[in-house]
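J.: Starting from the known structure of chain Z, fit chain R onto it as the hints suggest.
Respectively, the protein sequence lines represent chains Z and R.
Each residue of the first sequence is one higher than the last, beginning at 11 in our numbering.
Each residue of the second sequence is one higher than the last, beginning at 89 in our numbering.
Quick caveat, the hints were computed from the structure, so don't treat them as lab data.
C-beta: ideal position from N, C-alpha, C; glycine also.
Heads up, some of the hints might be wrong.
Going by beta-carbon spacing under 10 Å, a handful of chain R positions derived as facing chain Z [stated by the list, open to error]:
id, residue
1, V127
2, W129
3, W213
4, Y233
5, V278
Simulated restraints on C-beta separations [as the list claims (entries may be wrong)]:
id, chain 1, residue 1, chain 2, residue 2, range
6, Z, G120, R, S123, 56 to 62 Å
7, Z, T12, R, E106, 48 to 54 Å
8, Z, G27, R, G388, 38 to 44 Å
9, R, G388, Z, K90, 33 to 39 Å
10, Z, K62, R, T322, 29 to 35 Å
11, R, W208, Z, I145, 29 to 35 Å
12, Z, D129, R, G356, 58 to 64 Å
13, Z, D85, R, R104, 24 to 30 Å
14, R, G356, Z, K76, 29 to 35 Å
15, Z, Q121, R, G388, 20 to 26 Å
16, R, S109, Z, D129, 44 to 50 Å
17, R, E353, Z, D129, 51 to 57 Å
18, Z, K76, R, D361, 39 to 45 Å
19, R, Q276, Z, D134, 30 to 36 Å
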Amino acid sequence: MTSKPIAPGLFEEGGNGPHLLAGRSKEDSRLVFPLPQGAAGEDFEPVPLSQKGRLWSFTVQRFRPKSPPYAGADDEKSFKPYAVGYIELAGEIIVESRLQTEDFAALKVGQEMELVFEDFARKDGVVTTYAFRPIAG
Amino acid sequence: MSDVYIVGAGIHPFGRHEGKSGLDQGVFAARRALSDAGVDWREIQFAFGGSDAGGNADAVLPRLGLTGVQFINVANGCATGGSALLSGYWAIKSGEFDLGIAIGFDKHPRGAFNPDPEEWGLPAWYGETGLMLTTQFFAMKIRRYMSLYGITAQTLALVAEKAFDNGSRTDHAWRREPVGANVILSSQMVSDPLTKFMFCAPAEGGVALVLASEKRARQMGRTGVKMLGATVRTRVNGSFEVFSPALDIERGPSPTEIASTAAFEMTGIGPKDVDIAQLQDTESGAEVMHMAENGFCADGEQERLIRDGTTRADGALPVNTDGGCLACGEPIGASGLRQVYENVMQLRGAAGAHQVPKDVRIAYSQVYGAPGLSAVCLLGRG
Numbered sequence: 011m012t013s014k015p016i017a018p019g020l021f022e023e024g025g026n027g028p029h030l031l032a033g034r035s036k037e038d039s040r041l042v043f044p045l046p047q048g049a050a051g052e053d054f055e056p057v058p059l060s061q062k063g064r065l066w067s068f069t070v071q072r073f074r075p076k077s078p079p080y081a082g083a084d085d086e087k088s089f090k091p092y093a094v095g096y097i098e099l100a101g102e103i104i105v106e107s108r109l110q111t112e113d114f115a116a117l118k119v120g121q122e123m124e125l126v127f128e129d130f131a132r133k134d135g136v137v138t139t140y141a142f143r144p145i146a147g
Numbered sequence: 089m090s091d092v093y094i095v096g097a098g099i100h101p102f103g104r105h106e107g108k109s110g111l112d113q114g115v116f117a118a119r120r121a122l123s124d125a126g127v128d129w130r131e132i133q134f135a136f137g138g139s140d141a142g143g144n145a146d147a148v149l150p151r152l153g154l155t156g157v158q159f160i161n162v163a164n165g166c167a168t169g170g171s172a173l174l175s176g177y178w179a180i181k182s183g184e185f186d187l188g189i190a191i192g193f194d195k196h197p198r199g200a201f202n203p204d205p206e207e208w209g210l211p212a213w214y215g216e217t218g219l220m221l222t223t224q225f226f227a228m229k230i231r232r233y234m235s236l237y238g239i240t241a242q243t244l245a246l247v248a249e250k251a252f253d254n255g256s257r258t259d260h261a262w263r264r265e266p267v268g269a270n271v272i273l274s275s276q277m278v279s280d281p282l283t284k285f286m287f288c289a290p291a292e293g294g295v296a297l298v299l300a301s302e303k304r305a306r307q308m309g310r311t312g313v314k315m316l317g318a319t320v321r322t323r324v325n326g327s328f329e330v331f332s333p334a335l336d337i338e339r340g341p342s343p344t345e346i347a348s349t350a351a352f353e354m355t356g357i358g359p360k361d362v363d364i365a366q367l368q369d370t371e372s373g374a375e376v377m378h379m380a381e382n383g384f385c386a387d388g389e390q391e392r393l394i395r396d397g398t399t400r401a402d403g404a405l406p407v408n409t410d411g412g413c414l415a416c417g418e419p420i421g422a423s424g425l426r427q428v429y430e431n432v433m434q435l436r437g438a439a440g441a442h443q444v445p446k447d448v449r450i451a452y453s454q455v456y457g458a459p460g461l462s463a464v465c466l467l468g469r470g
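This is chain Z alone, in the form it adopts within the complex:
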């Protein structure tokens, strides 16, 4: 992580690398992601999620999303399509994420993916967010 996290309580860097943080409901043990913050967070215990999982579904964002809410520093001209997907973390939860790849044609439902930190250029400066990338091989 080289810059400030995009949000508090979204992920952490442990001894063995990055983890997303989920919340386990104190009432019924159901996992939620992201970990609720503020007053809503009182009902949840933070739980670090697995770093690896399988691609559950994906798409490619081909046009620049409307701002707000999108806060990328790019404009219509400099915008580069990016992939997003859901990653199934076995026995835990299916999380939505940006995907770190430019080889969109190679993406396949079921392939192995791993969590990484990624710089995100926001209009007010670079922040750290999370992404999943295909595991080579």
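T.: The following block gives chain R in isolation, referenced to the frame of chain Z:
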């Protein structure tokens, strides 16, 4: 308890209408429905109305007449129109009233919606990093479905081709030009695997339906179209909905499956009895998946059924006979009522150039949308 009849139906054509507000289109549709039913606005005992972006629905009152009628504004996301109709259905079924109206209209800005994460109870980063787009949700739902059940991109194109073909014969449709499957497939990719022509667009329009009790309908001599049943259901754990940063591993039924099952149970009829169906087609994939979610086929069967022409106007189960959202656009407050309007016209045999050739006795409609709800209505010839 009384049976409920649709005794009047009116529509303002869908599309883009410079110089006309959403409200103008709602008032137009209401007047058409009243005149179709042959009743005066002063006779109307209740009204349920909804609009997502076209202002307060009850702003139609000064235009239609300040009669003191009880008017209830309905706001229920993409099922706003369906919910207005369901409310009217209950009002008459209960025996409390015998003549009322459901009104829906809208007018949206061009292009994709831009939602505010906070309004949806979501953190700001979700919107900032470009994850909060309805188009992504639709693309990922059909991508998953394609990988599980072998649906091809060609089938998605055939769905859109059929929509534009039906739309070309429908007076109230927005897109009136046929578009071939190859053009659809090679049009601009919006969110893979969905191209520009596979998505519907936000639009404008208005629809109104006059509802009556059996007694009143008989007095009026208008017992042609009966509401057999109507349901609205919302999401449960394990369903896959728009704007979800995470999903449960244990998958659950969709709100559409729940609403559909409930509607069939309530009416005692089954999917095999249905002659035509209007199914939410926000994009081509939605129509494919909704065929199965509403019980009209098994998962994966759509590939063959759509290729065989089963869902075309001249097929065994015509789907989206007026071109659906793909050809009509989606004014949220009016969209679900448009489906029911279309079913009323088909049941009456009054759909003109797009009347399906088969005998229509039972007609089904299902509207689905954010934040995860579905409304189903079953109509029958009275």
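J.: Confirm or reject each hint.
T.: Taking the hints in turn, this is what the structure says about them:
Taken as an interface hint, V127(R) does not check out: its beta carbon lies about 44 Å from the nearest beta carbon of chain Z, beyond 10 Å. Below 10 Å, beta-carbon pairs count as interface contacts, and W129(R) has none with chain Z, the closest being about 40 Å; its hint is therefore violated. Because the smallest distance between the Cβ of W213(R) and any Cβ of chain Z comes to about 4 Å, under 10 Å, the interface hint for this residue holds. The interface hint given for Y233(R) is met, as the beta carbon of that residue sits about 9 Å from the closest beta carbon of chain Z, less than 10 Å.
The restraint placing V278(R) at the interface with chain Z holds, with a minimum CB-CB distance near 6 Å, inside the 10 Å limit. In this structure, G120(Z) and S123(R) meet the distance hint of 56 to 62 Å, their C-beta atoms being roughly 57 Å apart. For T12(Z) paired with E106(R), a C-beta distance near 51 Å keeps the hint of 48 to 54 Å intact. Between G27(Z) and G388(R) the Cβ separation comes to about 39 Å, which falls inside the hinted range of 38 to 44 Å.
The hint said 33 to 39 Å for the Cβ distance between G388(R) and K90(Z), and at roughly 35 Å that hint holds. Taking 29 to 35 Å as the suggested C-beta distance range, the pair K62(Z) and T322(R) conforms, at roughly 34 Å. Look at W208(R) against I145(Z): about 32 Å separates their beta carbons, and that is inside 29 to 35 Å. A beta carbon spacing of about 59 Å between D129(Z) and G356(R) agrees with the range 58 to 64 Å that was offered as a hint.
Our hint of 24 to 30 Å for D85(Z) and R104(R) holds, since their Cβ atoms are close to 27 Å apart. In this structure the hint that G356(R) and K76(Z) lie 29 to 35 Å apart at CB is violated, the actual value being about 46 Å. Between Q121(Z) and G388(R) the C-beta distance comes to about 22 Å, which sits within the given range of 20 to 26 Å. Evaluation of the 44 to 50 Å hint for S109(R) and D129(Z) yields a pass: the beta carbon distance comes to about 45 Å.
Between E353(R) and D129(Z), the C-beta spacing of about 53 Å keeps the proposed range 51 to 57 Å intact. Between K76(Z) and D361(R), the C-beta spacing of about 44 Å keeps the proposed range 39 to 45 Å intact. Range check, Q276(R) to D134(Z): about 31 Å between beta-carbon atoms, so the 30 to 36 Å window is met.
Violated hints, listed in ascending order, are 1, 2 and 14; each of the other numbered hints is respected by the structure.
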